[in-house]
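S.K.: From first to last, the protein sequence lines are chains A and V. Just so we're aligned, residue -6 is where the first sequence starts under the working numbering, counting upward by one. Just so we're aligned, residue 12 is where the second sequence starts under the working numbering, counting upward by one.
Some hints here could point you the wrong way.
[As the list claims (entries may be wrong)] Not everything, but these chain A residues come out facing chain V in the computed CB check (under 10 Å):
1. Glu94
2. Gly121
3. Lys163
In case anyone wonders, no lab produced these hints; they're calculated from the structure. Idealized CB from N, CA, C, for every residue including glycine.
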Amino acid sequence: MRTKHLSILLTLLTLIVFSAKAQKNDGKSIIEKHKIQEDSDDQFVNIKMTLVNKKGKERVRSMKWTRKTDELDNNSTLIQFKTPADVKGTGFVSIEYADREDDRWLFLPALKRSRRISSSNDGDNFMGSDYYYEDLDGEDLDDYNYELLGEDKFNGIECYKIKAVAKGEKAKTSSYKHRELWVRKDTYLIPLINYYDKNGTLTKKLTSSDMKKIDGSEKYRFMKSEMVNLSTDHKTILSFDSYVFDQGIDKEVFSKRHLEESF
Amino acid sequence: MKCYVSLLCLLLIGSNTYLWGQSTLSKIEINGKVGIDYFAYFEEEEGSINERNQVKAQFRLKPSKAEHVRYLVDAEYRGDAADPSRSWFLVREAYLEYTTKYFDIRAGKSIVKWATADAFNVVDFLSPKDYSDFIDIEDMGILNLGAKLYLNDVKISAHVFPDPMLHFLPDPASRWTVPGAPMTYDPETNRLIHQKFQYMESRLPESRMDKMQYALKVEYQWKGWDLAIGYYHGMNRIAWNHIDSRKIGRDTLLLSVTPYYHGWDMLSFEFATALGSVGLRGEGAYFSNFAYDGQEIAKGNLDDPYFQYIIGLDKTMANIVGENNLQLIFQWHHEITKGGYDPPANSILHYLRESVILDAKLALGVDKSMSLRGVYSTNKDSLIEGEFNWKPEEGLGITLSSTFIDGRAETFFGQYTNNDRVRLQIEYSF
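Okay, chain A solo, but in the shape it has when bound:
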């Protein structure tokens, strides 16, 4: 009798351990951990964006990037260009809502006004870069199915390899059939993303490097990333500088008013 109870107990324990392990390692739970690493109440960083064409000619832009997650879990992003002179003052605001289509405005100094743009234009290039507007959004767990493909090493670092497939409305607007994400096991940052277009062809590759722990915070960030468009041989290199977290940035910063006043 005691042996029977013991075997039932062992079986239950085994089930609990395996289910916990499965829970721990499924794609979504890994991305949830990535989100914890990625998200903060607010964050700010200076970015140098270098556009490199296939002949090697470079164009450099600098910008300020600010992001905030509010109490309703809406993510707001503000991007303002500082140089060169002919794009200085150009700004972009995006407010991602959980329950309705996002608000997006682009401010072009020549127009002297903000212009509402469609959030469905996910596949438009952002300011001539190799980033689509949808690449600028953070991972939204409700918009994707995440499948754990296995474990892999990238640049010698242990990673989880995850396939992200858009679902629901996102599947209609996304430019991608799916993405493959390499998520570091130590910090849950993503050093490599492969983007597959609607035909399933690998079209873009985002590699990130130079990971650092940010002073005054528990967050880690890559200081450099490179998006390569495999069909055009064009690439966009981003260098990040002066990350700041949780400064209590007012949500009014993510508004048409702020876009227009900053010019």
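Guided by the hints, dock chain V onto chain A, whose structure is given.
M.R.: Using the frame of chain A, we list chain V on its own:
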């Protein structure tokens, strides 16, 4: 001009005083652009200005960092060797602004822009324009006191304009000034005689109160819509010409042209939203003209009330040629008049009465773009513009464009069918 220089000095003195007192205004940011602009018409006209040969330098000055007090000075020098009437030193904007979380107050000269539609606008008339070239219209600033109030998704803005600043109009020798016929029939003898024009001083509203203009606008963001309504009361900057004629000698008729500026009430609306991947935006306004107390109405010219609106759709298509985006804009412009009133088809206030506007812009990599704009009116006049833009280096832009105009003489564009041209602009921003 003296007034603007004084204002500029005042602003700079005020700013310096503030610089002494506030560490937040630690640096002044100066930027701007210099450029040349040349165009030539395909057909030359004797006695007219047949080209543009222009240099321009624009400077903007503002604090690089400011908390509550801001200022902006935007001044330009423009020299046109072919058309000296266009040469100027213009303080386009010079203002001081105090901002808080809930409101802004701005005083000085600034461009006040009401507009939501893309290619053409019907509600953008608060600031005067430089109409020296009808297809290359530029905003000019206007002295005003403005206040904006921000209450969550609502923005209320109010402006008072103390001085009815006029549009800058083309020189009489410009290809954009429609010359009067050199000959006419003598009303007495029915013989062909010479006709001469004499331009008299403009008749502006006389009282200080009548010269003031007011504008109020309420904007609201609602579930993915940008909505606005506005009201304007003030002077209409487009004049009605009052013409007196008298004979000089036996064979010349002298026509004295006096521009009369009457009053204008305007109720406007604007909207913008996104329907999936298509942008929908538009604007419209109901215009009602009136004569000020004691002001004579220009002979039979004052418009009856009318309503104009624009509805536009736009879509950006990604990866059209390689990885390049194509932006398409379609606009429908329409005017509804009261009681069958039929305003003249060549009036600048009514020139897009029933028109379709198509605008296509194709990006070619990071440094090049091509665009094509077409306007077609049901009066069967049209305008087509093609443009190629190249940015060979950071800050440097080169634009080559060409314009073609067609239409019957009595239509708006039809007045300028000889003005087909090719244009080169080179601009460096710093």
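S.K.: Take the hints in turn and mark each one as holding or not.
M.R.: So, going through the hints one by one against the coordinates:
1. Glu94: holds (5 Å)
2. Gly121: holds (4 Å)
3. Lys163: violated (13 Å)
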